[in-house]
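Based on the provided sequences and hints, a complete structural model is requested.
Chains as they are written, first to last, in this note's numbering: chain A, 1074 to 1513; chain B, 1074 to 1513.
In short, the hints are calculated from the structure, not lab data.
You may find that some hints are simply not true.
Copies of the same chain are indistinguishable here, so a pair counts whether it falls within one copy or spans any two.
Calculated pairs, DMTMM-like style, for lysine to aspartate or glutamate (alpha carbon to alpha carbon, straight line, at most 20 Å) [unchecked claim]:
#1 Lys1419 to Asp1075
#2 Lys1240 to Glu1253
#3 Lys1198 to Asp1075
#4 Lys1247 to Asp1222
#5 Lys1413 to Glu1122
#6 Lys1081 to Glu1127
#7 Lys1413 to Asp1121
#8 Lys1084 to Glu1095
Protein chains: 2
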Amino acid sequence: MDITEFRKRGKEMVDYVADYLETIEQRQVYPDVEPGYLRSLIPEEAPDEPEAYEDVIQDIERVIMPGVTHWHSPFFFAYFPTASSFPAMLADMLCGAIGCIGFSWGTASEATLVALLAARSRIVKQIQAHDPQRSEVEIISKLVAYSSDQAHSSVERAGLIGGVRMKKMSTDGKFAVCGETFRKTLEEDKASGLIPFYFCATLGTTPSCAFDRITELGPICNAEGMWMHIDAAYAGSAFICPEFRPLLDGVEFADSFNFNPHKWLLVNFDCSTMWVKRRADIIGAFKMDPLYLKHDHQESGLVTDYRHWQIPLGRRFRSLKLWFVFRMYGLRGLQAYIRKHVGLAKEFERLVRNDERFEICADVVLGLVCFRLKGSNELNELLLRRINGARRVHLVPCQLAGAFVLRFAVCSRTTESRHAQEAWRHISELASELLRGQKR
Amino acid sequence: MDITEFRKRGKEMVDYVADYLETIEQRQVYPDVEPGYLRSLIPEEAPDEPEAYEDVIQDIERVIMPGVTHWHSPFFFAYFPTASSFPAMLADMLCGAIGCIGFSWGTASEATLVALLAARSRIVKQIQAHDPQRSEVEIISKLVAYSSDQAHSSVERAGLIGGVRMKKMSTDGKFAVCGETFRKTLEEDKASGLIPFYFCATLGTTPSCAFDRITELGPICNAEGMWMHIDAAYAGSAFICPEFRPLLDGVEFADSFNFNPHKWLLVNFDCSTMWVKRRADIIGAFKMDPLYLKHDHQESGLVTDYRHWQIPLGRRFRSLKLWFVFRMYGLRGLQAYIRKHVGLAKEFERLVRNDERFEICADVVLGLVCFRLKGSNELNELLLRRINGARRVHLVPCQLAGAFVLRFAVCSRTTESRHAQEAWRHISELASELLRGQKR
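Here it is as structure tokens:
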């Protein structure tokens, strides 16, 4: 393909993308295919000779699309949103063309891990400064990290990778970790010879969008010399609205903070951002300087070498998308987007509350509604199975205080009131069918 | 921006990208700006109200481009190539539009780390199976991992992150680790109570594209029950050519293997691929299964849950680019591309060898030529400074057996013989100037 053909094919692809997004609502949100469906549709091996572009393009609908979960369908309500906007897509085209390698953040999971490794490195150095006889390995064997029992699975995995104990703190009626529980656990652990060094607080948990009480937890972490990392992967975007800023109170106690613009800030995947209070803590844990990566500005302080902040060496030029999106939406446009999603969640919450067969299982603070049929977990598992089986909308479940709960997360940029209404009508009909069947 | 405007703007962006790539040769390959140059060109804060798209686009040349290192300029010879091709760019447009989140590989650095963590988890389980009294922490404190002293800095960092000892093996005259050295080190380490568990072999090192002798090293690793990971980040792409397959002899002894199609296989950044001999080894080290990520096919064996294979949970739909590229180039096209780059490196090597002021510092096997002026390291540092200062071509250095060496890596898809010739003429003139100045 030469540059002349690229001009033609690129414009065709723009139209294909626009057509896809314009009519995405008409596609079945979740695929019907079984794992392995691709195998019979594509050859065993890459072709020896180049194929015609037309053949590739025809295969998109024949081969690829039948297996796609349409995350940007307005009927997609599973997990959390993944962002998509036209300016970000335009920026990504340019990013691909410039194709330079930054020396990033992968995702919030990586931020959690990096913060934990930095905290581990910091505490080891601190202890050794007072007591040079103690070995790194012996200190690490005494370390203990904490998170909420509602925290993302990647937090537990960070502990596993870092080779340290990770304790899950029990949460209160609002699924939040509070100061008292935390203080008690710390005292017990210290009494048994352990060294608390890291707490991963969550603002907006994955199961129910709960907020750990960082105004209580932060001062404890600071007093104990523990690293407090805040994982606000989803909820972080909402803090651009003044009315949601109080949810961020206590951030001043944090050592590091992470949120994912690729979730709820209209920046296409992937784009995850992290702040660190003292950069030396991070760099100390990761710095490596081979000659082929040295540069003139290394020690000048002018340059922030992000490669010392992360696991991979390279990164894409992701800030370009942020820049396009900030400029094309403006703060007002982005705030309006967040508020619209929160409004849709509140609207869905009202529909659920008006149906006495159902219950709301957690406060609806942002764009997530946790709900279930009053009754057994089996009943709700069955309902979810029917909802996802019908392929009209897509939801995922969570577990809250032992209950099997359905999560309705407002995800798509194009979800409107009518989609939420229609989703509710559909869910409520499936519930009626299910309950009739149970009576018989 | 609505969908109608996106159609228009998207097509304009295709033309901008095509224009950029068509005329990239005329741009200065390496920027003149100083770190911080951006600060005065952009506002302190994101705009409150949306801006006009025209204003954003105008700022690309005013704000962004002056700071860009043009990795796809045919005069870019630094590091290693980063891929770029029209089919991959088209696929990335579609990938952005579909915007689904796979649950990947970041880069080769991550592959190295993941392999090390899997190896660590495997050895701990094996030892505990025989001796359940030994704690994980105590076992880890005895572990030792190995790599070449030529290995990428990310290998050393993997050891740091995994909390294990990492030893750098000295290399022979060809900058390769050989069996004898390795065996001797292992015997010494075992005698002193350490537990060798992981060796990261490199096929195509970053400094000189050297190949560790895996036909000698592999059987040793297998006999010792050590994990052998092969990092072939750059050279891996060349193995699609039969004439380079012998360089891969011994791969059968490896537990895991990684290469980056985003380096030399025409797949735009980022796309890094990893194979593992026994998937259970990887999954065992990483698996976490919260309810919101459970799915019907979990235990069926039909699905490979890559989220258990990696640090981040999510990944982009990168296989789409591979598929476009394989189909649009065909194996023949890709082989021709690799051979062309190798041919250009050999051509440059001949030019260097014909100039007796210079010497070649390592075998030219693939697309990298390591060369230097006969003389002091200071002289060569000065030459490199002048080359990069002139901004006509871009190179980075390396250190080989104490010598400061210049690396000429054939990188761009559009580099032709005339670019290599011109680069040599330019370098050789700068050398003449430098040597004349030294005499005076």
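For each hint, the structure was consulted:
{"no.": "1", "hint": "Lys1419 to Asp1075", "verdict": "neither (52 Å within a copy, 26 Å between copies)"}
{"no.": "2", "hint": "Lys1240 to Glu1253", "verdict": "within (16 Å within a copy, 46 Å between copies)"}
{"no.": "3", "hint": "Lys1198 to Asp1075", "verdict": "neither (56 Å within a copy, 54 Å between copies)"}
{"no.": "4", "hint": "Lys1247 to Asp1222", "verdict": "within (12 Å within a copy, 53 Å between copies)"}
{"no.": "5", "hint": "Lys1413 to Glu1122", "verdict": "between (50 Å within a copy, 17 Å between copies)"}
{"no.": "6", "hint": "Lys1081 to Glu1127", "verdict": "within (12 Å within a copy, 23 Å between copies)"}
{"no.": "7", "hint": "Lys1413 to Asp1121", "verdict": "between (51 Å within a copy, 18 Å between copies)"}
{"no.": "8", "hint": "Lys1084 to Glu1095", "verdict": "both (16 Å within a copy, 17 Å between copies)"}
Checked against the numbered hints above, the structure violates hints 1, 3; every other hint is satisfied.
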